[in-house]
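The whole structure should be built from the sequences, with the hints applied where relevant.
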Amino acid sequence: MKRLATLFLSSIALAVAPAAAETVAITGGKLVVGDGSAPVEGGTVILRNGRVVAAGSNIAIPANARRIDAAGKWVTPGIFAGFSRVGLVEVGAVRATNDTRAADSVFSAALDVQYAVNPFAAPVAVNRAAGVTRAVVSPSTGKSIFGGYGAIVDLGQDSNPITQARAFQFVELGETGHRRAGGSRAAAHILFRAMLNEARTYARNPALFDSDMMKASDAKALLPVLNGKTRLLVHANSANDILKVIELRKDFPALKLVLVGANEGWRVANSIAASKIPVLASALSDLPYSFEDLSATQSNIGRMKKAGVQVAIGMINDRDAHQLRYSMQYAGNLVALNNVPRATGLSWDEAFAAISSKPAEIMGMGGKLGSLKAGRQGDVVIWTGDPLELSTQVERVFIDGVEQSLSNRQQRLRDRYRTPQPGNLPKAYDR
Amino acid sequence: MDVKNMLAVAAAGALVSGCAATAAETETATVSTSSASKSASKIAFPSTYKAYPSEKTVITGVTIFDGEGQRIDNGVVIMSAGKILSVGGPETAVPTDSIVIDGTGKFVTPGIIDVHSHLGDYPTPSVAAHSDGNEATSPVTPEVWAEHSVWPQDPGFSRALANGGITALQILPGSANLFGGRAVTLKNVPARTVQAMKFPNAPYGMKMACGENPKRVYGNRNRKPATRMGSLALTRQTWVNAQDYRKKRKGAKPPKRNLAMDTLAGVLDGDILVHNHCYRADELNQIIDMSKEFGYKVTAFHHAVESYKIADILAKEGICSAIWADWWGFKMEAYDAIPENAALLQQAGACVIIHSDDENQIQRLNQEASKALADGRAMGIEISDAQAIQWITYNPAKAMGIADQTGSLKPGKMADLVLWNDNPLSVYARPEKVWIDGAMLFDANDPARRPVSDFELGQPGEGDVK
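Keeping their order, the protein sequence lines are chains W and U.
Numbered per this note's numbering, the first sequence spans residues 213 to 643.
Numbered per this note's numbering, the second sequence spans residues 5 to 470.
If you are wondering where the hints come from, they were derived from the structure by calculation, not from laboratory data.
Quick caveat: nothing in here was measured; it's all calculated off a predicted structure.
Just so you have them, the derived chain W footprint on chain U, three or more residues with Cβ under 8 Å:
id: 1; stretch: 306-316
id: 2; stretch: 340-348
id: 3; stretch: 364-376
Virtual Cβ for every residue (Gly too), placed ideally from N, Cα, C.
See the structure below:
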């Protein structure tokens with residue numbers, strides 16, 4: 213309690229004057245590097261100039277470092293949400309605060325979430341306080357199968373959330389794609405091919421581009437997808453839809469594909485593995501929510517991993533704007549499967565990697581983000597215990613080497629109503 | 005925001021339901037004599053549930069959370085003839101004529117109970133043809149009964165059993181309407197008919213709703229209610245009508261039977277339990293005053309994300325809050341939700357229930373309770389593990405009017421219980437075995453003890469661990 217009160221005060225101070233990146237030595241904690249290796253007891257992490265300079269045992273501590281004793285705590289890389297809409301939504305049903313889906317826009321692939329991500333949105337602060345430091349942020353689709361450009365963001369308290377703009381393009385090629393394309397999967401696939409071909413036409417002579425089908429901006433936006441410079445995140449769930457995604461490479465060999473969702477991925481895990489297409493998979497889908505999810509099981513990720521698929525946890529359409537903090541719980545559930553006969557889970561080390569280094573690697577940012585290896589951005593979380601366990605709390609969060617405020621309006625409401633009755637003045641004066 | 009969530013909010017509305025009748029249908033169709041008006045509903049659609057065969061079973065060396073806030077280490081649970089025979093410490097005598105299960109390192113709780121589910125009335129696959137939870141054609145539909153929408157083949161029932169240890173649940177109509185209709189309490193036993201799932205002698209619930217959903221659904225059609233004041237006006241006028249009906253029904257010339265009014269009169273008689281979907285603190289208080297105006301009691305507020313702001317009032321009124329651990333922000337009235345809601349209520353002495361309202365989270369209500377517990381402890385509120393288990397066992401049973409039959413491990417109660425392979429408040433725990441009335445209906449070690457609904461038979465993944 214006392215510790216929390218102190219933290220709270222210090223977080224107020226931080227909110228007033230965000231600390232610059234300093235040299236920090238976090239010592240004595242149970243260190244999780246996040247790359248799938250086993251935790252190290254009594255490890256040290258050194259942060260300098262916003263980056264990890266060293267992490268492990270027997271690390272020399274720079275003389276000028278601010279020391280943080282993490283004895284009895286766990287120290288890990290910040291959580292990397294493998295698929296989200298964080299920063300695009302304040303209140304889901306309040307349309308003006310919801311930037312996930314431009315249903316009435318004349319544009320599709322050209323839409324770019326970097327202009328919509330709001331670093332000051334309450335869900336950013338709430339999930340930061342829960343230990344989430346980076347996220348894949350994707351648009352949803354409006355009228356077209358293409359949703360537009362997504363970004364990699366940090367959840368820091370500063371005003372610049374964008375780690376990488378235009379990090380990927382998003383497309384729907386399952387049941388939603390069927391609907392967006394006009395009512396069939398055949399329509400979705402011909403639309404996909406036609407739009408990429410239009411992009412090719414656009415590339416030959418942008419000035420003369422004149423298409424009955426699409427805007428020049430959308431054609432231009434698909435060019436880097438076509439030539440493999442930008443990843444294409446494809447939402448598909450059914451085994452057959454996944455196979456059809458894999459086959460796209462026959463026509464478009466340069467595509468840098470990433471599967472999203474993939475609820476039936478385990479049924480075609482060998483094909484996915486052979487294609488080397490990585491997967492940002494829903495962790496706990498286990499119901500036939502639709503006919504594209506008939507064989508969904510919580511063992512999906514474990515089975516794909518076992519088959520050699522590069523897989524991380526994403527949470528598409530699963531409270532993905534507000535509850536990135538479920539990442540740890542979901543990873544923990546995959547560990548729990550190891551004790552369920554006939555189920556396939558992940559080891560603890562793999563499960564943590566699935567919410568840290570693996571999503572970073574799948575997004576091509578493994579050299580910069582997602583682990584505590586030297587040179588990575590200084591995203592660090594200190595926890596009271598096992599970060600996947602439900603009883604564990606977050607003590608400190610660093611993003612880019614800067615210690616972050618953990619204050620958010622949920623905590624403020626909590627503190628105001630610690631006792632519900634008003635005192636000598638109404639509750640509105642309790643701050 | 006999340007598409008599924010949006011759809012759920014838009015379609016299901018957010019859910020609560022129920023209209024409780026009285027300890028209706030027993031296996032022998034006994035009709036209570038307390039009120040002639042009750043008899044019609046009492047004999048309608050009677051439960052045909054019968055316990056499946058059970059064997060006398062003892063679990064030894066196990067950690068017990070009894071559902072009423074007590075913990076017993078190295079304990080012994082004995083069930084016989086479908087009932088709890090005894091629960092005690094290591095000194096408890098172990099009968100020789102029973103199956104003995106070594107529970108060392110494991111945990112036993114009562115069967116988990118969800119007071120707020122739409123399994124069956126919003127089943128998976130969640131196609132339009134299955135959308136049976138909101139009779140959104142009128143804001144006042146106390147005449148509809150959720151049990152007439154429940155599809156027993158919803159695969160969600162089996163997930164709730166195998167992954168969540170759910171043994172009983174209340175299926176509510178949705179929250180589009182001010183009066184959503186009657187709820188039904190089910191045993192989580194696969195069956196061909198809803199009647200074969202109906203919890204014997206459970207009272208009916210009635211679902212009511214306030215706030216955004218009714219005014220959005222009907223306001224968008226330029227109908228009443230389009231505002232919160234419109235909702236209250238229409239709700240109160242309906243109660244006035246119900247009072248009148250109830251009075252006339254007792255008179256010399258009873259009116260023609262009216263299904264809607266039957267349900268409402270049942271509430272006014274105290275036979276049907278009110279489950280009121282409502283989010284904001286100020287609105288909860290309005291509903292309390294309305295209930296006093298018409299002389300009925302709200303059993304539980306559902307969702308109640310702002311209960312913590314009036315925890316003292318809810319404690320005084322004796323109204324339960326059936327809540328999520330941490331859902332928030334999906335609509336305006338959910339903006340002030342905080343994860344400490346449960347703990348702040350518990351601290352004030354108010355009744356806490358953790359509910360799911362969701363086909364996924366019903367599979368891990370234990371984890372939701374655990375998160376709510378952890379957030380309370382982090383702010384310095386002392387709550388025991390055993391008390392948190394009460395949020396998902398005894399307290400929902402009480403709010404559903406079945407606490408005398410299930411919800412805690414007391415001798416004579418139904419042997420509805422879960423053997424967990426670890427502390428159920430740990431993320432690493434899963435049900436190992438689940439008994440309902442002493443019948444083992446799930447065993448993680450035995451693929452033959454895993455139900456597969458008709459819908460999943462012959463489909464890819466049939467009988468998988470899920």
